[in-house]
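Colleague: The primary structure of each chain is shown beneath.
There are 2 protein chains.
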Amino acid sequence: MTINNNTTAEATTDFSQLLSPQGVAIVGASREPGKRGHQTLVDLEKSGYEGDIYPVNPKYEGEIQGHKVYQSVSEIPDPVDLAFIATPASTVPSILEECGSADVAGAVVIAAGFSEAGADDLEAQTLEMAREHDIRLFGPNIQGIANVHDGLNLLGGYDIPVGNLALLSQSGNVGLELGSHAAGRCATGFSFNIGIGNETDLKFHEFLPYLNEHEQTDAIIHYVDGMTDARAFLREAQKVSTETPIVVLKGGITNIGQNSAQSHTGSLAGEKAVVDAAYQQAGVIRTEHTDEAVAIADTLAKLPPASGKNIAVLTDGGGNATISADALVQGGFNLPKFTESTRKRLQDIVPDAPNLSNPVDMMGLQGDGDLSIFFDCAEAIVSDPNVDALLLTGVFGGYEEFGPGDTDSKQEADVARDIASLTEEYKVPIAVHCIYSTQGSKALDVFETSGVPTFASLDNAVTSLEKLSQYGEHLSTVERKSDFCLGVEKKNDIEIISEALATGRTTFSEHESRKVLQNAGISLPPFELATTSEEAARAVETFEGPVAMKVVSPEIVHKSDAGGVCLNVSGSESAASEFDRILENTRQYAPEASIDGVLVTPMIDGNREFIIGVTHDDEVGPVIMFGIGGIFVEVLEDVSFRALPLTEYDANLLLDRIDTQELLHGVRGEPGVDRDSLVNLLLDVSSLVKDNPAITELDLNPVFADEDGATIIDASITLSSKY
Amino acid sequence: MTINNNTTAEATTDFSQLLSPQGVAIVGASREPGKRGHQTLVDLEKSGYEGDIYPVNPKYEGEIQGHKVYQSVSEIPDPVDLAFIATPASTVPSILEECGSADVAGAVVIAAGFSEAGADDLEAQTLEMAREHDIRLFGPNIQGIANVHDGLNLLGGYDIPVGNLALLSQSGNVGLELGSHAAGRCATGFSFNIGIGNETDLKFHEFLPYLNEHEQTDAIIHYVDGMTDARAFLREAQKVSTETPIVVLKGGITNIGQNSAQSHTGSLAGEKAVVDAAYQQAGVIRTEHTDEAVAIADTLAKLPPASGKNIAVLTDGGGNATISADALVQGGFNLPKFTESTRKRLQDIVPDAPNLSNPVDMMGLQGDGDLSIFFDCAEAIVSDPNVDALLLTGVFGGYEEFGPGDTDSKQEADVARDIASLTEEYKVPIAVHCIYSTQGSKALDVFETSGVPTFASLDNAVTSLEKLSQYGEHLSTVERKSDFCLGVEKKNDIEIISEALATGRTTFSEHESRKVLQNAGISLPPFELATTSEEAARAVETFEGPVAMKVVSPEIVHKSDAGGVCLNVSGSESAASEFDRILENTRQYAPEASIDGVLVTPMIDGNREFIIGVTHDDEVGPVIMFGIGGIFVEVLEDVSFRALPLTEYDANLLLDRIDTQELLHGVRGEPGVDRDSLVNLLLDVSSLVKDNPAITELDLNPVFADEDGATIIDASITLSSKY
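Going down the list, the sequences are from chains A and B. At position 545 of the first sequence (counting the first as 1) the number is 545 in UniProt numbering, and the numbers step up by one without a gap. At position 666 of the second sequence (counting the first as 1) the number is 666 in UniProt numbering, and the numbers step up by one without a gap.
One thing to keep in mind: the hints can contain errors.
One copy or two, either will do: identical chains are not told apart, so a pair holds if it fits within one copy or between any two.
Under the rule of at most 30 Å between Cα atoms (straight-line distance), these lysine-lysine pairs were calculated in the DSBU-like manner [to be verified]:
1) Lys442 - Lys35
2) Lys442 - Lys46
3) Lys272 - Lys337
4) Lys481 - Lys559
5) Lys427 - Lys481
6) Lys272 - Lys309
If you are wondering where the hints come from, they were derived from the structure by calculation, not from laboratory data.
Using the sequences and the accompanying hints, generate a full structural model.
Modeller: Right, here's the structure in full:
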């Protein structure tokens, strides 16, 4: 990962030239159906692209599909904004050279056979050529790109429905699948489908500001396997997502990074946990389910963010009431009580309803029912101050096409239009799950075109509403979150760190790790390093009560296994003899290890053990972890992450996000822990790592915490000379 | 819950008479469109019902919809098997009386307004009338019933697609929704849609044997809010599910039973956990997502059960490979390596494929590709001995309709047919997720009609395969599972229990609870009840090492809060003075409490604490729990359940099903616990409760376990006089 706060190419790129080109060269144009260089010409025709099209192929003369063929891009007399290169990987550098002489601004390279297939040199050469000629590259190894509103379809024979979602995808198939999902919804589609591929030149984050400004784009979806500069993305996404919602579909989450870290933090920092936390911090809405991605993005694009997690359900069937309540409660929603006045209004509208509390079950209408009572109930509900969002679920939306007889005195579609108007009027988002959504209806179409998302899947509806409230929460807290900027003011100037780096050492003993913390002003219980049994005997007398003694050696990580730990030692005599025993044990265990001495610390009791750690994620960079420590670290894996640096808000969230909240709040009548001391310790660690980026692994484990404060019991720090 | 092993009505009911009636009376028949009594006549006509139809309404003469109207059911001259009653709740008992005189076998009562609306008397009266006249009742409070193959549609204007799934539903809307989902799939539909409603007479489990024998039914789906006799259902389902897969969609899981139990076990026994465990035991495949239910049932109906969790993925896109691997690994599947010979075969078929290990990514075909290589790859994969099932995911199934140009030398639908034949040939289930499934295609239709389920949702595909392997696992282990039969050989004949019941007592002190265990032959560490300080002093001398002292009072549950516990007491003098202090504390804390004395036990150390408990679930009856004990009981809620009685297999599963397996296997190099001692303790508790059904709550917490065995540290038993 490179943390490049600024790239020259980025600063000067005109994305409207790249994505709304006035002239496109099709390099490798062909007369043979079945070839990409032919298909693309057909596609541009079919999708109504209005710019100029220049087929390029030295083997042809005359015209292809009605366009004059050129032998080379450099022969094209008019300006060419974009070159679409349909030729094999090996030809790309020389074609880019041609493009350069024609002043082409961008090139779409679809071919595979670059770094993903081991051809790193070819990829480097391609990038070099592009940079030399100021050409920005899409791909390589992509399906293509499309600006759907402009009819610029370079996807090779696949259609994509037009709409207001911009897609950046590292997989062609996933991009096509999301297009297919959108095609299954009314009034949803894409403004762009941009292949990202190897991210050789153009990177995910570079597109964000342009898409944010793009008039016909209301939400952005990414499909990502892995990013080359995730921190730049997070920084940019945090800015853009306050205006344009960003949804990320993340693949590869079960390939947990095989980092060689010896720390607990490193081994617990699975890709999913770290990336999840970083996305939350940036306000990026994350999903790992292809099925949901379009529904979520469509919901975020259509509806105002929910101001909380209080949701009302309106339905015409008891089973739908039960199942939706289950799904909502499991999705973290509350189903609040209505005010007395709402209850009265509902009572007047549907006096015989089986249930007028939340969920409202107004019972299915028979053949002669009046559908407008759905609007009346919906209005009563969304005007209730306890309600943040409304889910309408059941038969409504399907009465006319699928229900019995002539149900409606007023057409169902008209009622749908009235219901849709409530969101605008009351600023309360409304989502519709209809049991006939898979089959479609007029009323459902009206909902969709009036800004109310409809769902065939109750789960998608619930998840989308959940994300809507997550987005709302982000917008109201983003000012208090860290902005991902690490800065470079201080650099590893704690003496013990700079000395270690100078001599090429990267591991610290516990004693050295404690010294680092001390130098950073982080308070620890007292400790002494004894290098002789006499020193050990003296040390024990400086502390009150019994002591713990631990061997200090940068080479010995598992001190207990080495017989290098002795607890509850009282009196100077015992201390002296235990010193000798520890040295003997460890010399037997690891004869080659250098031994600095024995660390003597007072014994401290605590029954609530936590861990605070730092690790360096391949994509996100430095991240901090908080969780349950001691023996339960490995057993529970109950930890939360956050990208560094931290704000106070972030530090508090780290505490809030662990599952075992009872240990913080106190079990069986115990008082809760002193949160402030944990929050301050997290902030101190954040500052330490920000100022000393060479610290790539840090474990404080356990940290005892109770109502009086937090105490570091063990510390371990590892450096990397890279930072 | 009543555990009725046998009901007379059940034994004599002819379900084919009820569900394939030769004559149907429509009581409350009407000429007014919009009325149920009219709609039903229209529906029977439309759906092609071939039996006799008798409209009944005293207000009419002549004919309705071409059928002669009768004033009363008793006037109908020919035999009537089934009466459909479309009149209000209050009229039902008298109509049943009429039906009785006409020898009607069954009645479908759709009206609401019975016990669900507080009219318990009316419901009791209705049941009484039905029993008196040997009429079996469907409902009340249901949408209706349908025998789809027979054209018997009594659902009130709603269509349901014909197929091989039988649906029993406690909610009309959910039944209709599942019908709508089936309509969205090719070659899936229903044989029955039977409303269950209040279960006043006919109950879920009674339908199972008939549906199992029904030729056109290949799987059964239930929608359940709550059952009146869940244990009878579980017993019946366990038998039937070995032949016909049963899927349960369970609603109401977040309304955790508000039982007033004081035990840990009672408070942890949330409906979801208990019901989940009981369904697993019965081989019932459980889901809580409406979206998945039809897909799962269709998969179980179409495919042979998977023999394991090793799955292969074949795809034409890298993104699909990544995302499906994520979903499968998260669904508990392994992606095994292929044998060398499979790899070679694949290499020969698609030499340029980006990935030939599992997932196989053969890359998307261009316009001139040959689709038959999908069959070749699929055959190579399913013939690999390491593969239990194959998931085909990506564009295949959509090349012809949605792909570029004339892709295929052989038609895609033909290749689909060839691939479908592999399941039959190799007995390896194959499922297809196509990115164009939402839009449909010829090839996808061929898959569906050839027994290969196709999915628009990758998540549904993965879940369905997961359920298929869960079903396979059940079939291979059902012989070793408990059959839910509690028997009634012994009844509460432990003296201390029968005495308590005789005097109306239901709570036991710790000392009494220990006595119960002792009487049942369950071994405990030694204990003494001291009633004077002298006895306490004597008791401490009979044990080695320090002791624990705890006040014994049936009224004091939270002994520590009362100051009624003292640990680590050494020597007779301390014991005597602690005895006095404990008594003083508790008398201050609870002046009214009767105090039996002070329990004296040796101090026992242990760092791995478990809990074994029993509770009485409202639906399932007696269930046993195993999990992490001590302070972490409430913090982790890491427990597993099983309906009693247990087999050894069940007891082992209880251990296997907790999350924190490390505590059983040993953390940081500790030896694992002695599983046998825990398993035997679970079996002993199972026998104890089977023989003494009055034990409705039991907590052994903590139970210390290590490599040498399991030790009960505290015990608490509560009785109920009901059992």
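Colleague: Sort out which numbered hints this structure fails and list those numbers smallest first.
Modeller: 4
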